Structures are given as structure tokens and as C-alpha cells.
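Put together the whole structure using the sequences plus the hints.
Order-wise, the sequence lines are chains A and B.
The first sequence: position 79 = 83 (this note's numbering), numbered continuously.
The second sequence: position 27 = 82 (this note's numbering), numbered continuously.
A hint or two may mislead.
What follows is a set of in silico ranges between Cβ atoms, one per label pair, in the way DEER data are often shown [said to hold, decoys possible]:
(1) A:P61 x B:E75: 37 to 43 Å
(2) B:E150 x A:G43: 35 to 41 Å
(3) B:D102 x A:D62: 29 to 35 Å
(4) A:G43 x B:E75: 21 to 27 Å
(5) A:G82 x B:D197: 28 to 34 Å
(6) A:D59 x B:R187: 18 to 24 Å
(7) B:D93 x A:G43: 19 to 25 Å
(8) A:D62 x B:V230: 39 to 45 Å
(9) A:T64 x B:V82: 25 to 31 Å
(10) B:E237 x A:D59: 43 to 49 Å
(11) A:G43 x B:S202: 45 to 51 Å
(12) A:T64 x B:E150: 31 to 37 Å
Anything over 12 Å on all C-beta distances counts as not near chain A; from chain B, calculated [what the hints assert, rightly or not]:
(13) T70
(14) E78
(15) L81
(16) D93
(17) S186
(18) A204
(19) D205
(20) V211
(21) D228
Read the hints as simulated data drawn from the structure, not as lab findings.
Owing to the predicted nature of the structure, the values given are computational and were not obtained by experimental measurement.
Cβ atoms here follow ideal geometry from the backbone N, Cα and C, with glycine treated the same way.
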Amino acid sequence: MNDDQPPEDIPRRNGELVFDAPWESRAFGLAAAYLEASGQDWEAFRTQLMAAIADLPDTTPYYEAWVVALDRLLATDGLAARS
Amino acid sequence: MSETHGHHPKPKTPTEQRVEAIEALLVERGLITSDVVDAIVETYERDVGPMNGARVVARAWADPEYRARLLDDGTRAVGELGFGGAEGEHLVVLENTEDVHNVVVCTLCSCYPWPVLGLPPQWYKSSAYRSRMVREPRAVLDEFGTSVADDVELRVWDSSAEVRYMVLPLAPDDVTDRSEDELAGLVTRDHMIGVVR
Numbered sequence: 005m006n007d008d009q010p011p012e013d014i015p016r017r018n019g020e021l022v023f024d025a026p027w028e029s030r031a032f033g034l035a036a037a038y039l040e041a042s043g044q045d046w047e048a049f050r051t052q053l054m055a056a057i058a059d060l061p062d063t064t065p066y067y068e069a070w071v072v073a074l075d076r077l078l079a080t081d082g083l084a085a086r087s
Numbered sequence: 056m057s058e059t060h061g062h063h064p065k066p067k068t069p070t071e072q073r074v075e076a077i078e079a080l081l082v083e084r085g086l087i088t089s090d091v092v093d094a095i096v097e098t099y100e101r102d103v104g105p106m107n108g109a110r111v112v113a114r115a116w117a118d119p120e121y122r123a124r125l126l127d128d129g130t131r132a133v134g135e136l137g138f139g140g141a142e143g144e145h146l147v148v149l150e151n152t153e154d155v156h157n158v159v160v161c162t163l164c165s166c167y168p169w170p171v172l173g174l175p176p177q178w179y180k181s182s183a184y185r186s187r188m189v190r191e192p193r194a195v196l197d198e199f200g201t202s203v204a205d206d207v208e209l210r211v212w213d214s215s216a217e218v219r220y221m222v223l224p225l226a227p228d229d230v231t232d233r234s235e236d237e238l239a240g241l242v243t244r245d246h247m248i249g250v251v252r
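In C-alpha cells:
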């Protein structure tokens with residue numbers, strides 16, 4: 005599909021790979037690690053994700069909405085990443 | 056990074072740069088380490104997935120008492136098999152019967168029972184699936200190659216803030232002749248979402 009596709013031989017006990025590119029898995033892992041570190045549950049993130057999906061065009065790739073949601077959560081918590 | 060081999064590395068997209076900036080910030084603040092992120096990703100890529108749910112379904116098919124406990128309190132019953140954690144705190148198991156077929160969607164985002172099914176497939180998160188499964192479920196199921204007879208009641212369940220759903224598919228006719236391992240091998244992710252009957 006594109007250059008970011010992982011090689012065929014990656015173990016996939018899930019039946020299919022759940023991430024299309026390394027940055028997607030990174031974005032997932034960062035959200036999980038941050039929630040754990042900040043003592044919040046997924047509900048805090050999910051609220052931002054729903055809002056991001058609603059705000060962005062329907063054609064926005066899912067993990068792009070995910071990154072917007074993570075950015076907004078961090079901003080809410082007073083952590084603004086430099087661009 | 057050198058271009059002397061004729062490779063032109065694709066420039067990073069703004070989103071990729073954003074992800075890197077977020078990681079750098081969180082590491083710099085001492086909130087996370089990159090190793091922790093690696094471990095989380097590896098867990099969800101390799102250890103958590105529909106093979107867990109398949110074990111649950113096989114046990115429910117083989118053991119009527121377990122099945123009753125599973126339908127009564129999904130979270131607790133999957134916990135008996137060692138499955139639990141984020142997005143599995145309020146698991147409700149929906150039983151398919153000859154007269155009822157259940158199918159699961161999350162209309163607002165991508166809610167999904169991670170401990171038993173892993174992370175959702177791409178199509179589950181698409182706006183097409185999210186909107187159409189509610190509006191025209193039989194047409195969507197048809198596209199998955201699943202036809203549900205007109206006299207079978209179709210129930211579409213929208214994952215809410217709290218509840219995560221998993222479908223308990225119909226057992227095969229020869230269920231008593233098979234081992235639990237064999238039974239687990241028959242169950243797919245799509246059965247447990249309900250897009251396959």
C-alpha cells in the first residue's frame with residue numbers, strides 16, 4: 005500500500021497488524037504511557053478523541069485525529085509540545 | 056539518512072513531526088520513557104488480540120456454567136481466564152441465538168473491548184462503518200458476506216462511554232465433539248464484533 009507498511013514477516017497473532025505505520029503505534033503508545041504516568045484513565049483521552057473526530061473532516065485518517073486528541077489533552081493538562 | 060545510496064527518505068509529515076515532538080516533551084518532563092512506550096506497543100501488537108476472545112468463546116461453548124457467568128458479568132468471567140485491563144472494565148457479552156444476531160459499533164469514535172479483541176481493525180474506525188452500521192446494518196453485513204435472514208432479529212449495539220461489547224457467536228453443531236482448543240480455532244475477530252454470523 006505504501007512505504008510505511010511493515011514487512012510481511014512481522015508476527016501478527018491479531019490476524020492483522022493494527023498499525024499501518026510506525027508513527028501510529030508510537031502515537032498509541034504515547035497516549036497509553038501518558039495516561040498511566042498522569043494517573044488518568046482512558047476516558048480522559050476518549051473524550052478528546054470523540055471531539056477531535058467530530059471536529060475534523062470525515063476523511064481524516066484515524067490516527068491523525070488521535071494525535072490531535074493527544075495534543076489537546078496535553079494542552080488541557082498544561083503541557084504544550086513545541087512544533 | 057544519507058542520500059548517497061540513491062534513497063530519498065520520505066520527508067516527515069507534520070503529524071509524524073508532531074508525534075516526535077510529543078514524545079520528546081514527555082520524556083524531557085520525566086513523565087515517560089521511550090522504553091515504556093515500546094513495551095506498550097509490543098504488548099498490543101503481539102499479546103493482546105482476538106485470540107483472547109476466542110478462548111473465552113470456546114470456554115463458554117464447552118462449559119454451560121461458565122457461559123452463564125460470562126453473560127451475567129463479562130468483565131469478571133474473562134478475568135477468570137486472565138484477561139482484563141484498560142477498556143475491559145465494563146464488558147457486556149451479547150449472545151447470538153437462532154432468532155437474534157448481535158453486531159457492535161462505536162458511532163462516535165472507536166470504543167472496543169481491548170482485553171479480549173485487541174485494538175480495532177481499520178474499518179471499525181472508519182466513518183463509513185460508524186455511520187452506516189446504524190442506518191443500514193443489513194446492507195453493511197451483506198458487504199461482509201453475511202446475510203441475516205429476515206426472521207432473525209438484528210440488534211446493533213453502540214458502545215457507550217462505559218460499556219464495551221463482545222458477541223458470543225452461535226456454537227457449531229458438533230460442539231461436544233471438539234476440544235476447547237479446536238473450538239477456539241473456529242472463532243474469529245469478526246464473529247465477536249458480529250459482522251460475521
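Okay, the hints, checked on the actual structure:
{"no.": "1", "hint": "A:P61 x B:E75: 37 to 43 Å", "result": "violated (24 Å)"}
{"no.": "2", "hint": "B:E150 x A:G43: 35 to 41 Å", "result": "holds (36 Å)"}
{"no.": "3", "hint": "B:D102 x A:D62: 29 to 35 Å", "result": "holds (33 Å)"}
{"no.": "4", "hint": "A:G43 x B:E75: 21 to 27 Å", "result": "holds (25 Å)"}
{"no.": "5", "hint": "A:G82 x B:D197: 28 to 34 Å", "result": "violated (49 Å)"}
{"no.": "6", "hint": "A:D59 x B:R187: 18 to 24 Å", "result": "holds (21 Å)"}
{"no.": "7", "hint": "B:D93 x A:G43: 19 to 25 Å", "result": "holds (21 Å)"}
{"no.": "8", "hint": "A:D62 x B:V230: 39 to 45 Å", "result": "holds (42 Å)"}
{"no.": "9", "hint": "A:T64 x B:V82: 25 to 31 Å", "result": "holds (27 Å)"}
{"no.": "10", "hint": "B:E237 x A:D59: 43 to 49 Å", "result": "holds (47 Å)"}
{"no.": "11", "hint": "A:G43 x B:S202: 45 to 51 Å", "result": "holds (48 Å)"}
{"no.": "12", "hint": "A:T64 x B:E150: 31 to 37 Å", "result": "holds (36 Å)"}
{"no.": "13", "hint": "T70", "result": "violated (5 Å)"}
{"no.": "14", "hint": "E78", "result": "violated (6 Å)"}
{"no.": "15", "hint": "L81", "result": "violated (6 Å)"}
{"no.": "16", "hint": "D93", "result": "violated (7 Å)"}
{"no.": "17", "hint": "S186", "result": "violated (9 Å)"}
{"no.": "18", "hint": "A204", "result": "holds (27 Å)"}
{"no.": "19", "hint": "D205", "result": "holds (31 Å)"}
{"no.": "20", "hint": "V211", "result": "holds (19 Å)"}
{"no.": "21", "hint": "D228", "result": "holds (25 Å)"}
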